[in-house]
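Protein sequences appear in the order of chains U and Y.
Mapping of the first sequence onto the working numbering: residues 4 to 815, in sequence order.
Mapping of the second sequence onto the working numbering: residues 248 to 354, in sequence order.
Since the hints were made in silico from the structure, they are not lab data.
Note that this is a predicted model, so its numbers are computed, not measured.
Be careful, since some hints might not be right.
Stated by the list, open to error - Below, a list of computed lysine-lysine pairs in the DSS-like style, where the Cα atoms sit at most 27 Å apart: (1) Lys276(Y) with Lys812(U); (2) Lys168(U) with Lys451(U); (3) Lys716(U) with Lys612(U); (4) Lys563(U) with Lys300(Y); (5) Lys811(U) with Lys300(Y).
As the list claims (entries may be wrong) - Computed Cβ-Cβ distance ranges for the label pairs, DEER-style: (6) Glu778(U) with Arg339(Y): 51 to 59 Å; (7) Gly596(U) with Lys255(Y): 35 to 43 Å; (8) Lys255(Y) with Gln791(U): 46 to 54 Å; (9) Glu279(Y) with Arg626(U): 26 to 34 Å; (10) Thr77(U) with Cys337(Y): 51 to 59 Å; (11) Asp426(U) with Lys255(Y): 23 to 31 Å; (12) Val331(Y) with Phe652(U): 18 to 26 Å.
Glycine included, C-beta positions come from ideal geometry on N, C-alpha and C.
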Amino acid sequence: MKERLVLIGNGMAGVRTLEELLKLEPNKYDITVFGSEPHPNYNRILLSPVLAGEKKFEEIVLNKREWYDKNSITLHAGSPVVEINRVKRKVITADGSEAEYDRLLLATGSSPFIIPVPGADLEGVISFRDIHDVEQMLAASKQYKNAVVIGGGLLGLEAANGLIKQGMEVSVVHLMDTLMERQLDAAAGAMLKRSLEENGMHFLMGAQTDAILGDKRVESVRFADGSIVKADLVVMAVGIRPNIELAKKAGLYCERGVVVNDTMQTYDPRIYALGECVQHRETCYGLVAPLFEQAKVCANHLAELGYGRYEGSVTSTKLKVTGIDLFSAGDFHGDDTTEEIVFQDLAGGTYKKLVIKDNRISGAVLYGNTVDGAWYFQLMREGTNISDMRESLLFGQSAHLGSSGHGGETQASAMSDAAQVCDCNGVCKGDIVKAITSEGLFTVDEVKSHTKAGASCGSCVGLVEQILANTLGGDYSAPEAKPLCACTEFTHDQVRSTIREYELMDKQAVFDKMDWRTPDGCHVCRPAINYYLISAWPGKAKDDAQSRFINERVHGNIQKDGTFSVIPRILGGRTTPHELRTIAEAAEKFNVGEVHFTGGQRINMLGVKKEDLPAMWEFLTDRGMVSGHAYGKALRTVKTCVGSTWCRFGTQDSTSLGMQLEEATWASWMPHKFKMAVSGCPRNCAEATIKDFGVVCVDSGYELHIGGNGGVKVRATDVLCRVNTEQEVMEYCTAFIQLYREEARYLERTAPWVERIGLSYIKKRVVEDAVGRKELRRRFVDSQDVAQHDPWTARAKGAEAHEFTPMKKLGE
Amino acid sequence: MSAVMTEKWVEVGRLSEIPRLGSRVVQTKDDEIAVFRAADDTVFALSNRCPHKQGPLSEGILHGHRVTCPLHNWVIELENGEAVAPDVGCTRNYPVRMEGEQILLGI
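Just chain Y, same shape as in the assembly (with noise of 0.2 Å):
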């Protein structure tokens, strides 16, 4: 896990937002982020590039909880940013937190 606790809780948007077994984009200043909606709800965010060529993980096919990346078919953890065996290599995560239907990032 790489949350870090002096990063603050930032509002982005709400769960209806992004459908199910989808992604939306978050962009800040020095980083794009993908958000993640699982099938079962569950919210994850990572830094949107695949760890093998930076492919935009937002739009991958999303299955369980993780993520086909779009460019080569790397498959990603949604939970830690981790390749799936044999691929070796991890993308940032974001921590997310839940207020009701608001998702929170911790950036």
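Same shape as in the complex, but just chain U (with noise of 0.2 Å):
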């Protein structure tokens, strides 16, 4: 007989446990739900629009009931559970019926908090909470003209909005002086009162409640000093509690919230907890971004899976009022041992607080200008040391990375809903909007893959978690440390100190090892795996050619039309007529559709059949041409200019510098693919401040840089140091390429690499560490033993034939 499983509370937190439990887990449990709602489970976060009469209440249920049906859950709705009896392991509904348990799931939620003043039961009074509160406000909205909303924070200030949406006057009374003061500081909070002001709000501030009048319905609020407020309505928006009092009478062990521990477990073992009732490491939290991760969590102990942890959220908020760009996230008061960085332009409506401890960012609060939001969340939970980036912080991201593909639209608020947000997939911000509301989408992941939006080369996914964010507000889910894919709980950083720590040597003993949930993983971990095994144990790990994306496998790129393009290795750009003949050659014996100049100072060879690549590799080899690696997450192209040899201000021999610097990097597999240039004086020629490693050569050595990229996000390079000779050029160079190999993520480019570990960090290393870089070379030269062999060679010669041959032919 399957275990029975019963969940009390039929909310988005519990809900989203089942959910989670069942990709684990499909077949365990008998699962039985109670809900105290006569309603399937809908979207509480999407009430708000309901209420401003945007939505219907039909297309904010996440699960319909054929949903349960589907899975075979029992729901009892609008049955709310009244006992727990731990020692006969069951739960008694109201009316009476019971139901036997091996482990329960509390997920009761929280009640609206109703201030204690006289008259807080007339009719007309209610609070902002479910759909049934909804529908009390959109009924008085059609009866009633004036409404006064009691509460000046997020929830207080969505409900007010809503009103006045449904044409009535609203006035918002709230205790404090400052709006949202649990989100804002003063001068953001004053900025949002006076965009509010111009929608048409009231506000009373520092107003304290004393009673609520009326005989029958509530007719007016008269406040502690005396003054009166006429009212047909009255919403109460102060705050929310945790529902304790059913797993208080069972005897659990409860503070503010149940009590719960990392794996969301409460003091009796069969009884796991989650959302809003939730008491955990001090904190009761009220938006859904921690509960979905707690729900993570919940689900891979009930599987009986034991390794997930909860360690608390750090959360982010935004407001759901159009036309408002809002966030603000952490510590945004700061104290004695902080410090502000802040801008502010009251006319233009922009407001940007940082607040700083130690070089990280602890809080932030943005008003007007938002894009950036998910950036600096990202910075603070990472922890990442901003002193490198203090002067150009509050510009943004895209201060230092100038990026292509969106138009330059910084605020989603403010594009219409035909405004082409992704302009790689024609994905337009209404189809967003659309797909988060209809499909209940609640991060960036699912929106990228239901509407593709952000699924290409990237640039627009602050955009997209802007719009998340806005339809969402206070509750989207920002990305976490994110797992390296879905096969795994492990992010990228895990997965790799685990191949170094434990000597894995192969995928499978990964696999093993950390328990992945697929057999052989998926095409996002397997090329990653592969390239940590191959940086680690370089000669000693097997390069798993199946685990390589089809260039790298057959060594040349793959076109629209499934043919591929070669490119043969010109070191440092500088060609030869017998090299120019024999690509001339090449071309018209192997009937390539075009041959066109790459931006690396190379010749491209288009539309050649996969069939015909080994004869064109042997063509070429056999003239001294090698693979150019133009198809590889590795070593590309060293572009020079002609340097002193030629040029009248050329200060050093850049060319031939160039082809060493190629020479002994070739054929290095990287992260992702890696650039470099040498120019051979400042005018810079070669572009070099746009490279992963750039050298600009000056009178009196060479100066060099890193970390710079011309793609989607143009950034220029930092520089790194000056040096005085080619060898030590040299040796800083391999030195920076082994610590990127080492220690970036798969597929990080240098620039966000750079950006996220720190210049000072790659400084201490490479510049300052002379032990450190000696031995940081001397392991890209090892490698360098192992991966420098040419493929097209080996290829040319009959290796891996059966890459490029078809298997049989039909038919002939």
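Hints given; two lone chains; assemble the complex.
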């Protein structure tokens, strides 16, 4: 017989746990759900749009009744549980029916706090918590004129906004002097107040409610100073309180909430709890992102996998009021130990404040322009040292990273529904909003997979995050320390350190050691793991061809029609008549569709059939040309100018130096592609300042640059240091490459990597630590011993022949 | 399943000719067929065209009983050629029969 799992609370936290559980163990439990509301699980976050008349209730239902049926879940909606009998392991409902359990899951949520003033029980005094409240508000708005919302926090302002949209005159009463004081500082609160006043909202600040007056129905509200405001409807939105009565009655230990440990267990190990009813490490949460994190962990333990840990959440907030962009996270007030970086433009309606502690962001408030909210939040969560970017930090990620592909749009709320967000895949704002609401999406990844927005070049992901945040408001789930892929809970860094620590030599060992969920991974994790293995154990770990992307497997770039491109290596971009003749002859002999110069000073032959590749490579390698690795996560090209040999401005022999660099580094596998350039003077004709590693020759020596990028996000390099000799250039360059190879995450270019770990760290490892630098260089040279063989020559001689020939041709 | 009984079984090669988690192509008069070998040695055959933009599925990365198209990362079920949700589409699949090491396709 299957074990019985009973869920009390048919809301977002509980049902999300069931969904996560079903993904892990679809047949482990007989599941019964009790909910006090007479509805299936709906998206509470979207109550505001329902109130504002932008959505209907049916559109915010997350799990229809068919979902419960399909998963054989017994649902008792509108049937509140009134007692838990822990001895007999059963729950009892208000109508006396019972259900026994082996495991019990409490997700009873929270209730609005009602201020105990005289008249709080009058007709027309309600809270803003569930669909029933919304229905009452909608009904009142049709009959009455004046509404008073008590509470100027997130919920209160959303309620007030909705009631204004329904045509009511709304006054917001707030005890404090600042709106949303738990999310905003005084400056941002004042800006918010002004914009809301422009929308027609009235405010009574610093006002303490004394009594609600009326005969049967509410007629007015009286304040401590004796003043009176007319009211036909009063909405109390002063806070929520965890629902712990049921748990308390059953003798479970409670403080403010039901106390749980990191595995979401209460003091009774058979009983799990999560969501707004729980207290974890002294904290109760009221936003959906932490709830979903808890759901993952809880499901992990219900499925008896036993390794998930919930360690608390850092939350961020957005307000869901049309036309207002507002973001806050962390400790934004600061104290004696913190400092502030502030940008304030009242006329332009922009305010940004970052609170910094020990060179790390500890809090942020953004008003007006919130495009960088997700970035600051990420820096904050990851504890990134920001000392290298203090000067540009407030101007956002794009201050350093000029980005192409979204027309300079930074304010999602100002965009029309028809405006294109993702230019790669042609996805408009309206498409994204529709997918978020109709498909019940909560994360950027979900939006990516449903709409394809942000799924190609990624330059619009910031906008997608904003749209997600604007649609879901305070409850959107910001990026986590992300698992490598859906096959695992572990991050890139954890996988890599496990490979090193346990000396794992092949993918199967990684899958076994780290309890991979899938038997042989997926297209995301396999190439990453293969790279981590071969970079950690050069020569020892076997390079797994089937874990390589096609381009690296067949040493050519796949094109849209399934043909390949062939780019021979031309060291430093300097060629000869013999090489050009060879390329011309190869192009004619193999009927290439097009010959094209690349941005990295090479020649690309496009449209080659896969079957022809080995013969073409044989032709090229016989005449002294080797693979250009234009297809790989590897050293691509070293671009050079003619330098002091010819140029009247040249200060050093940049061509020869570039060729030496390329000679030393070609065929080295990297986390991502890697480009270099050497310019012979500061005029910088080889564009060395947008390369992963660039050299600008100067009269006294060489200026070394790192972390540049010329692609989706343009980033100029940071200067690493100056050196005097070519030998030093070689040493610093290879040491830098090795550090990147050992520490950057797979598919992370040097530009974001340098920003993530900081220039100071790289200087410390590559410039200041001479012994460490030589060690890095040595490890690079060792790995090149294994890697630096021309793959074309080998395949021209017949290696991997099965890759290039059909298994059978029929009917010829 | 698109198997039609009137089609005939044709020998196309031996299991060992396809690497595990790899694929080989069989060319016919009117189609190019990708023949896949999963880690558990199950063999599948699909028309070598992703339902999205006709990418060659034989060049994709295999995992479980699925393949990821090399062009835009659509994931296709080897069993029936269906795209994995939320993507929608289907490519033709061919019945496969093993006789010892020998792979036969219903063409």
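Hints, verified against the model:
{"no.": "1", "hint": "Lys276(Y) with Lys812(U)", "verdict": "holds, 9 Å"}
{"no.": "2", "hint": "Lys168(U) with Lys451(U)", "verdict": "violated, 32 Å"}
{"no.": "3", "hint": "Lys716(U) with Lys612(U)", "verdict": "violated, 33 Å"}
{"no.": "4", "hint": "Lys563(U) with Lys300(Y)", "verdict": "holds, 8 Å"}
{"no.": "5", "hint": "Lys811(U) with Lys300(Y)", "verdict": "holds, 25 Å"}
{"no.": "6", "hint": "Glu778(U) with Arg339(Y): 51 to 59 Å", "verdict": "holds, 56 Å"}
{"no.": "7", "hint": "Gly596(U) with Lys255(Y): 35 to 43 Å", "verdict": "holds, 37 Å"}
{"no.": "8", "hint": "Lys255(Y) with Gln791(U): 46 to 54 Å", "verdict": "holds, 50 Å"}
{"no.": "9", "hint": "Glu279(Y) with Arg626(U): 26 to 34 Å", "verdict": "holds, 32 Å"}
{"no.": "10", "hint": "Thr77(U) with Cys337(Y): 51 to 59 Å", "verdict": "violated, 35 Å"}
{"no.": "11", "hint": "Asp426(U) with Lys255(Y): 23 to 31 Å", "verdict": "violated, 49 Å"}
{"no.": "12", "hint": "Val331(Y) with Phe652(U): 18 to 26 Å", "verdict": "violated, 57 Å"}
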